[in-house]
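Taken in order, these protein sequences are the chains called A and B. Residues in the first sequence are numbered from 1 upward in steps of one, following the working numbering. Residues in the second sequence are numbered from 1 upward in steps of one, following the working numbering.
Derived from the structure by calculation, the hints contain no laboratory data. By construction, the Cβ of each residue, glycine as well, lies at the ideal position given by its N, Cα and C atoms. Errors might be hidden in some of the hints.
Label pairs and their in silico Cβ distance ranges [said to hold, decoys possible]:
1. B:16 <-> A:84: 49 to 59 Å
2. A:94 <-> B:109: 27 to 37 Å
3. A:416 <-> B:248: 31 to 41 Å
4. A:151 <-> B:121: 33 to 43 Å
5. A:242 <-> B:24: 34 to 44 Å
6. A:61 <-> B:24: 49 to 59 Å
7. B:124 <-> A:416: 52 to 62 Å
Here are the computed lysine to any residue pairs in the SDA-like style, where the Cα-Cα straight-line distance is at most 20 Å [to be verified]:
8. A:119 <-> A:208
9. A:108 <-> B:97
10. B:129 <-> A:234
11. A:158 <-> A:197
12. A:108 <-> B:104
13. A:344 <-> B:207
14. A:108 <-> B:95
15. B:129 <-> A:92
16. A:119 <-> A:172
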Amino acid sequence: MAGGKGTGGFFKLAIVLVAILALGIGAFQPLIRAMKLGLDLRGGVYILIQAQSTPEHTVTSEDMAALERIMRDRVDQLGIAEPVIQREGSDRLIIQLAGVNNPEEAVKMIGKTALLEFKTSDGQVVVSGKDLKDARAVIDQQTREPEITLKFNAEGTKKFAETTQKLVSSYSRGDPKRHIAIYLDNQLLTNPHVDEAIPSGEAVIRGGFASFQEAANLAALLRGGALPVPVQIIERRAVGPTLGADSLAKSKTAIIAGLVLIALFMLVVYRLPGLVADFSLIIYALIVLVVLWALKATLTLPGIAGLLLSVGMAVDANIIIYERLKEELRNGKTLRAAVDAGFKRAFTTIFDANATTVLAALVLYFLGSGTVRGFAVTLSLGIVASMFTAITLTRFLLHQVISVPAFQKLWLYGVKEGQIPVAARGEI
Amino acid sequence: MNLNFNFIGRRKWWYALSLLIIIPGLIAMVLNWPSPLNFGIDFTGGNIVQIQFQQPVSASQVREVLGGLNLGNSSIQAAGNNEFLVRTTELSEEQTDQVISALRDKLGQLDLKRNEKVGATIGRELTIKGIEAMAIAWVLMIIYITIRFEFLSGLAAILALIHDVLVTIGLFAIFRWEVDSTFVAAILTIIGYSINDTIVIFDRIRENLRLRKKETIEELVNRSINQTLTRSINTVLTVVIALLALMLLGGETTRTFALAMLIGTISGAYSSIFTASPLWIDLRNFSRERHRQAAVTKSATKAKTRKATSH
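One chain only, chain B, in its complex shape (with noise of 0.2 Å):
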């Protein structure tokens, strides 16, 4: 197969694609802003209890009970059959105890299956350590890149990973979809995989630079992505079959983390196509025209200070 699609003739529409993406994505955390994200316990501290009842209960008789207790707005999730996630704000282990033998009192015999606890400085910690994670990640990959390729490709592929992390990010802003500690594993994989998908096509792009035909370096980016990829689709299909099932099959704990991979890597695989590299062209061409430009004001003051000499 002879691909020839025309990936960086047309990259403005690349580029307003993903910000039709993104732009929405931070609309709705400066909107819900000073929670940009629905932010679990993990990161705000609380309660959460997964209560199985032997007989069938409704979200209503279980709010009713809290109500009792003066927790009558926490979040109150059926996760299943007469199964129920509730969240409640941080809680005492004598408070804890007090909600579970109400729950037990007035509404028959229960399985606890699942009582968890996050203080609120653990949470802070766990933010905090999540951002400085990322940030490190960013500058061990930046350093990578410009060794192995150069600093505009690292600035590239960078950009392109801040695109997938904004449209991930942005995603859960729309839809509040909860984020826990395994959403900030998600995010550095992503970061990862965004990474080394773009450096597949670096990679094919500096092989055909050293043996260079004929060609603009338009033409040479687009055949390099072209020719990866039927490799990029097929490595995207593989990590999405692995990741629908563990989304679809592994039940509920692990499902924030596979939904949060599964967009992540679909974008990952979008910006290494359709951004990075267009990217990298671009930040070329800036760069150039930045050094032709001090180029000709240079020579042109050198010019001026000739003239005003020779008289």
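Bound conformation, chain A alone (with noise of 0.2 Å):
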């Protein structure tokens, strides 16, 4: 039985197909369903926004750091899970929200590209978001009135300290000089009287608030436009989630077609070993799958499409083998030594061949953002994953299936009787 000879090779054989099949029908729709969806397939957003220096202030690292904090803060608030905020450059953070049902909202809330900022009468700044630590909207214990407290950082308590004492020497009580008011965005939020110098650098505006929730929203504005640095959002991509059900529908359509095509194709064009190919590439579709869950990479349309480009460049390796074994049955070889020195031949040329898509696939990713470095991951990984199952399994499958006697026909490799040398005939 080692040799696989007969009738016991042919259910050697008939366990293995079945179990490919098996695995795949089993593995396929859990795996699929685990893979996490990029934006364009479930709706979401995409903001890129840059840090502005100003000739005053250059963009610091320091800045970015608390604008990735404050950025997060907004997201949180917006309750969405696994948000993804990464910087990019010196200058550039990329906010990805992915299943947002109303990305506009979003954009609205992320993109409040706040400026806030403190001016006395004369109109000069004396104090920006950039210096402000918290603002909190608080009831007072006595008045029970609403109030907002203001806690700036060292360079802010020290300005915010002079300015104070300025104002309150230089100016009598009740005098509209001595008033500093807080622009956000220069639009006026509001323009409390400086009662007395503040040196702690903890400040309270009190009165004037109408509503424990009006004094909240204005803290909130404070807080949010406690930005370091101006903001502008250099790119937005929102995808609705109406689009994104439809591109994953349409791509899944795309890939079944695709790939039941393809599957026929090696079918009727290389018959019994293309039969082995489209079992070579169910399981070649499995390990691509199960890499990119264990990379925990996301499936955007790019990558689908890198995907199922690299399906069409994976059965070449099969294709290349195929050819060479029908030339090696058509030099007169017999059918073990042709699928021996069909998997020899091809693997150079195979090699030589990928090695190079993988070089363009390797300076995309280096080079390309987001959704092109996706498609070069798919790409390379669905080269590597080809090559992998090419020279493993259909090699093994093939073995398998020529000690069947009856799969020894060579009408079945698509070879005629005819195209083989006499001297070689009724060898196999």
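Dock chain to chain to rebuild the complex, using the hints, since each chain is given by itself in its own frame.
Put into structure tokens, the structure is as follows:
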């Protein structure tokens, strides 16, 4: 039985094939369901924010860290699961929110490019958002009135102390010039009167709030406005949930149609080896999906395109081997020798040919961004996986197949008796 | 099947056929300068919204509303069932809001399916990065092929893939198909595919050279191409099957990518068979000719100097 001859060989082959089929049917659905889908497939927002340097201030790494923290706060307020917030380069921030039902709302919330400024009556900016540490709405224990407490950082404390000291000493109580106006994006939020000099860095805006809610809203604006530097949305891609669902359905159809047609093509053109290639393809697809899943990759439209394309290129390894196989058979080799020679000769070809495609994919990965990178990953993964399955599984299955006597007819391999040298006939 | 087409002997015709496609593409690019291709917002910067109205709305109605906002010359493309793709110049967040609410006020309830904005700087970076990527890919490939084969093979393969890039870009230039960021990915994949396809043939030439029979190099190359022809055709067919499925069923977003890939793949298969190996022969003949001439002039000058010194 060791050689797998006769019915034993047939059973062994049948068991392997059924196992592959069962694995394919059983594992595909859960795997695909476990995949993380990109924004373009389930709706969501991609935002690229750039911090702007001003003549007085160049964006620093600390500014970016503060910006990242604030953005995380804002995103948390939206209650979105698994937001992606990452820095890009020295002054950019990428925010990705998948599965948002109302992308426009999210953009508004995040993209508030608020610039907070405290100005004196002569229009001079004394303190700006980057000097403010915190702003909270509270209820005063004595008066039961809502008020806002402000906390400044060290530099803000110094500036605020100087200014209030100057205002208090220059103007009498009740003078309209003894006010500090707070502007958000050049819109006046409130214009509180300075009662006394404030050296501690902790100020209170008292009075003038109709409700606690109003104070809380203003405090939120102040907090949100406490961006260290002005920012601008330089790229925004918002995909509505209906378009995402539509794209997902369409790409699923495209994948299934593409796979079925390629499988049929292989079967019709290469017959028995073609069938073997189809089984290899099942395992190939499983390997790719499992690796993508393990890498926690996010599946996007270009990624799917890369996958489908890699299937097209994956069968190339099989085609190269099978064309060699046919050639060797026509040269009069026995089936077993032809299979071995086919694999041996095809390997360098497949390796050299695929290495160059991987080179292109590597360049795409290192120079591309976002979706293009995803495409590069799926493409190179596809190539490596296809080489692996072609030289292991296809070879193993083909050896099993040729050991079954019923499968030794040459027409099953796409070669006619007449094409074989007379001397070599009947030796199979 | 013992195929025996004469690929090498008629190579002038194959070159001519390639030029027949490439030259009009180049002309189209020059005529449309400074925008040789129909660059989408990914390259130029700008906004694009995809909206679907719940009631029948015509493109001219949409244009009228946009005209009221001084955006009358924006591109408006109908995309099926009361659905439109509107491309404008770069808008601020407030301006985008204005456009959407104006459309909603004047034309009724709508579903905002896509709302994208790309800054002009991003577009510039993308273009530069794309060109950089292509250059680096070429250099890496020439190095790889020179190591595995020889420099002239690398040169011929690169010329063949420049051919494929020019055919693809040229057709996009002629038909003014829109080019987006996936186009860059498509071009680089075409480069990968084209080289892949060429190398399979070069590999066979390398093998046949080792067991060279009594035949000219033209005959040997011709034999190699014929031996790998079935594989070339069958592989390109499977890739075309995948791409056709993607193009016809995959929806709007991947169509540009699939179209570019389709053209590039077919061109890649063509150039591997009809351009790369013939070019290799021509390059080989050319460099041998130069070596021979160099040798001739060298010996000639030697002879001269001998003459000069002999008396």
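Hints, verified against the model:
no.	hint	result
1	B:16 <-> A:84: 49 to 59 Å	holds (52 Å)
2	A:94 <-> B:109: 27 to 37 Å	holds (33 Å)
3	A:416 <-> B:248: 31 to 41 Å	holds (36 Å)
4	A:151 <-> B:121: 33 to 43 Å	holds (36 Å)
5	A:242 <-> B:24: 34 to 44 Å	holds (41 Å)
6	A:61 <-> B:24: 49 to 59 Å	holds (52 Å)
7	B:124 <-> A:416: 52 to 62 Å	holds (60 Å)
8	A:119 <-> A:208	holds (19 Å)
9	A:108 <-> B:97	holds (10 Å)
10	B:129 <-> A:234	holds (17 Å)
11	A:158 <-> A:197	holds (12 Å)
12	A:108 <-> B:104	holds (18 Å)
13	A:344 <-> B:207	holds (13 Å)
14	A:108 <-> B:95	holds (13 Å)
15	B:129 <-> A:92	holds (17 Å)
16	A:119 <-> A:172	holds (18 Å)
In this structure, none of the earlier numbered hints is contradicted; all agree with it.
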